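Construct all of the structure, not just a fragment, from the sequences and the given hints.
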Amino acid sequence: MKTEARLWVRLKVIDLVAQTAWMTLTGKMGFAGDLCGILRYSCWMMEAEGDSAAAVCEAIDREIRMDSAFTNQNKHLYSLSVSGGGKEAATGDLTIERDFPRLDCGGRIFACDLFVSEQGGGKDKGYASRLNERLSGVKVTGMKSGEVWRVLVRAEDLEEAARKVEEMAVTRTRKHGLLLNPHYQAYEFIGTTEITGQ
Amino acid sequence: MARSFKGKVAIIQFPGVNCEYETADAVRSVGLGGDLLRWNEDPALLEEALAVIVPGGFSYQDRIRAGAVSAKDHIMDKLSELASGGRPILGICNGAQVLVESGFIPGIHWERVDLALAPNVMEDREGYYCAWTYLLREGTDCVWTAAIAPGDIVPIPIAHAEGRFTTDDGAVLEEMKKNGQIILRYCTQAGLVDHSFPVNPNGSLENMAGVCNREGNVLAMMPHPERATWLRQVPEDLAGGWGTRRRRAGGDPGKMEAAGPGRIFFESLKRWKEGGA
Chain A
1 MKTEARLWVR
11 LKVIDLVAQT
21 AWMTLTGKMG
31 FAGDLCGILR
41 YSCWMMEAEG
51 DSAAAVCEAI
61 DREIRMDSAF
71 TNQNKHLYSL
81 SVSGGGKEAA
91 TGDLTIERDF
101 PRLDCGGRIF
111 ACDLFVSEQG
121 GGKDKGYASR
131 LNERLSGVKV
141 TGMKSGEVWR
151 VLVRAEDLEE
161 AARKVEEMAV
171 TRTRKHGLLL
181 NPHYQAYEFI
191 GTTEITGQ
Chain B
1 MARSFKGKVA
11 IIQFPGVNCE
21 YETADAVRSV
31 GLGGDLLRWN
41 EDPALLEEAL
51 AVIVPGGFSY
61 QDRIRAGAVS
71 AKDHIMDKLS
81 ELASGGRPIL
91 GICNGAQVLV
101 ESGFIPGIHW
111 ERVDLALAPN
121 VMEDREGYYC
131 AWTYLLREGT
141 DCVWTAAIAP
151 GDIVPIPIAH
161 AEGRFTTDDG
171 AVLEEMKKNG
181 QIILRYCTQA
191 GLVDHSFPVN
201 PNGSLENMAG
211 VCNREGNVLA
221 MMPHPERATW
231 LRQVPEDLAG
241 GWGTRRRRAG
251 GDPGKMEAAG
261 PGRIFFESLK
271 RWKEGGA
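So the protein sequences, as listed, match chains A and B. Residues 1 to 198, numbered by my numbering, are exactly what the first sequence covers, in order. Residues 1 to 277, numbered by my numbering, are exactly what the second sequence covers, in order.
In short, the hints are calculated from the structure, not lab data. Remember, predicted model here, so these are calculated numbers, not experimental data. The reader is advised that the hints may include incorrect statements.
Stated by the list, open to error - Restricting the straight-line Cα-Cα distance to at most 16 Å, the calculated cross-link-like pairs of lysine to aspartate or glutamate (EDC-like) are: (1) A:Lys125 - B:Asp124; (2) B:Lys78 - B:Glu111; (3) A:Lys144 - A:Glu188; (4) B:Lys6 - B:Asp62; (5) A:Lys125 - B:Glu123; (6) A:Lys175 - B:Asp77; (7) A:Lys123 - B:Glu123; (8) B:Lys255 - B:Glu236; (9) B:Lys8 - B:Glu274; (10) A:Lys175 - B:Glu111; (11) A:Lys125 - B:Glu126; (12) A:Lys123 - B:Asp124; (13) A:Lys175 - B:Glu81; (14) A:Lys139 - A:Asp124; (15) A:Lys28 - B:Asp77; (16) A:Lys123 - B:Glu126; (17) B:Lys8 - B:Asp25.
Right under this line is the structure:
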């Protein structure tokens, strides 16, 4: 059965890269009024074949727990979710749907998940074959790896939130955009949710 | 007494750079004055500087993307003003990444980011790569290469993980080529522009190692000329004339202090200052 798996990994301690992004966006780029928080994850989006969503989840979980290319239990939290054939399974010590920094921000707040990957997917094949060498009964057939920036913005609606995040993220000029360079990186929104009051 | 950069080369010390002192030494080796300016000092101090160098290292620990955070710093406003007024600016390695992320290079549309210095693409390996490379001087007139004849080959070392010049804008690439902005290309010892690794050590588009702006006063180069400023910095086993010179000088401290191949970039600046460029 074909299933989709998504692995999110982030540091247990303060992420200084995300902190630097925060300070640059708010202190140097004029987004202090819009940006309410920012988190960064490593992310792997996979397609896999297995008997059931639960079996795929269990098999991938067993491998990524022991492989520091994906997670290091000493320093990372992770969330692995799998869906396929109408079934879902999840594991890990991170509840990704509710992973937000503490907010002290008025107005309507949206969390936008921006997936950033290298054009051409340089490392994707390597990650897939690394897993497939160890998995039995489950085969990873597709892999997209990258970074997710979870950007919390104040906006009137989802469209405005996405537009603001794109403005913060995509480097077009010296003063516009920080999180990715579109000349070698691709990006897509993989989730935008209103979290006002959470 | 207030510090003055009058007639000197200012070397910008962003937090995390590590080549600023040897870059200053390289500048001084040709008889020019060179001094460091911290990124958070008054940018007005740069007004009277002869030129500015953004040195190599890991500014802001390469967080987010090499050069991306420095490009947003206040001091870059002043560099933008100076560069567009014709002041010579050189970015070496991380400094090149800063200039690319600032849109000074290629600078066809000033401050628009038209290039990237992306992670190396290498055969059977990934990440950081150190090696001596050969650079072919091509292209237009540039302050920083004025003393190098077109067609000359200069050996200079590289050390980086993100040195692959690339763009997804074909029109920009064509314009750069038309303008002769690709001023240094990775080549073999004999000058052949071979696209394969290790001649092209990072998968750079068109074997780009150094790109200048149209006006020729701003240059972003990934190789480190300050690490090849004295003959003693040249490895004994380097193929070609410079390696031979180095072997012959072995054991003679005086001869080892002679110029290395990288000094010519700083001599070029001196020539420009003296009006010979």
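Evaluation of the provided hints:
Straight-line distance between C-alpha atoms of Lys125 (chain A) and Asp124 (chain B) comes to about 13 Å, which keeps the hinted pair within the 16 Å bound. The suggested pairing of Lys78 (chain B) with Glu111 (chain B) holds, with an alpha-carbon distance near 13 Å, which does not exceed 16 Å. Distance restraint check for Lys144 (chain A) and Glu188 (chain A): the Cα-Cα separation of roughly 12 Å lies within the 16 Å cut-off, and the hinted pair is therefore satisfied. Under the criterion of a C-alpha separation no larger than 16 Å, the hint pairing Lys6 (chain B) with Asp62 (chain B) is inconsistent with the structure, at around 31 Å.
Proximity of Lys125 (chain A) to Glu123 (chain B) is assessed by CA-CA distance (about 15 Å); at most 16 Å being required, the pair is judged to hold. Between Lys175 (chain A) and Asp77 (chain B) the CA atoms are separated by roughly 10 Å; this keeps the pair inside 16 Å, and the hint holds. In summary, the hint linking Lys123 (chain A) to Glu123 (chain B) is supported, as the alpha carbons are separated by about 13 Å, within the 16 Å threshold. A threshold of 16 Å between alpha carbons decides the hint, and for Lys255 (chain B) with Glu236 (chain B) the separation of about 14 Å falls inside it, so the pair holds.
Distance restraint check for Lys8 (chain B) and Glu274 (chain B): the Cα-Cα separation of roughly 13 Å lies within the 16 Å cut-off, and the hinted pair is therefore satisfied. Between Lys175 (chain A) and Glu111 (chain B) the CA atoms are separated by roughly 8 Å; this keeps the pair inside 16 Å, and the hint holds. In summary, the hint linking Lys125 (chain A) to Glu126 (chain B) is supported, as the alpha carbons are separated by about 14 Å, within the 16 Å threshold. Pair hint Lys123 (chain A) plus Asp124 (chain B) holds up; C-alpha atoms about 12 Å apart against a cutoff of 16 Å.
Restraint check for Lys175 (chain A) and Glu81 (chain B): satisfied, since their Cα atoms lie roughly 14 Å apart, inside the 16 Å limit. Our distance criterion of 16 Å between C-alpha atoms is met by Lys139 (chain A) and Asp124 (chain A), whose separation comes to about 15 Å. Among the hinted pairs, Lys28 (chain A) with Asp77 (chain B) is consistent with the structure: their alpha-carbon atoms are about 12 Å apart, no more than 16 Å. A distance of roughly 9 Å separates the Cα atoms of Lys123 (chain A) and Glu126 (chain B); the hinted pair therefore holds under the 16 Å criterion.
At roughly 13 Å between alpha-carbon atoms, Lys8 (chain B) and Asp25 (chain B) fall within 16 Å of each other, so this suggested pair holds.
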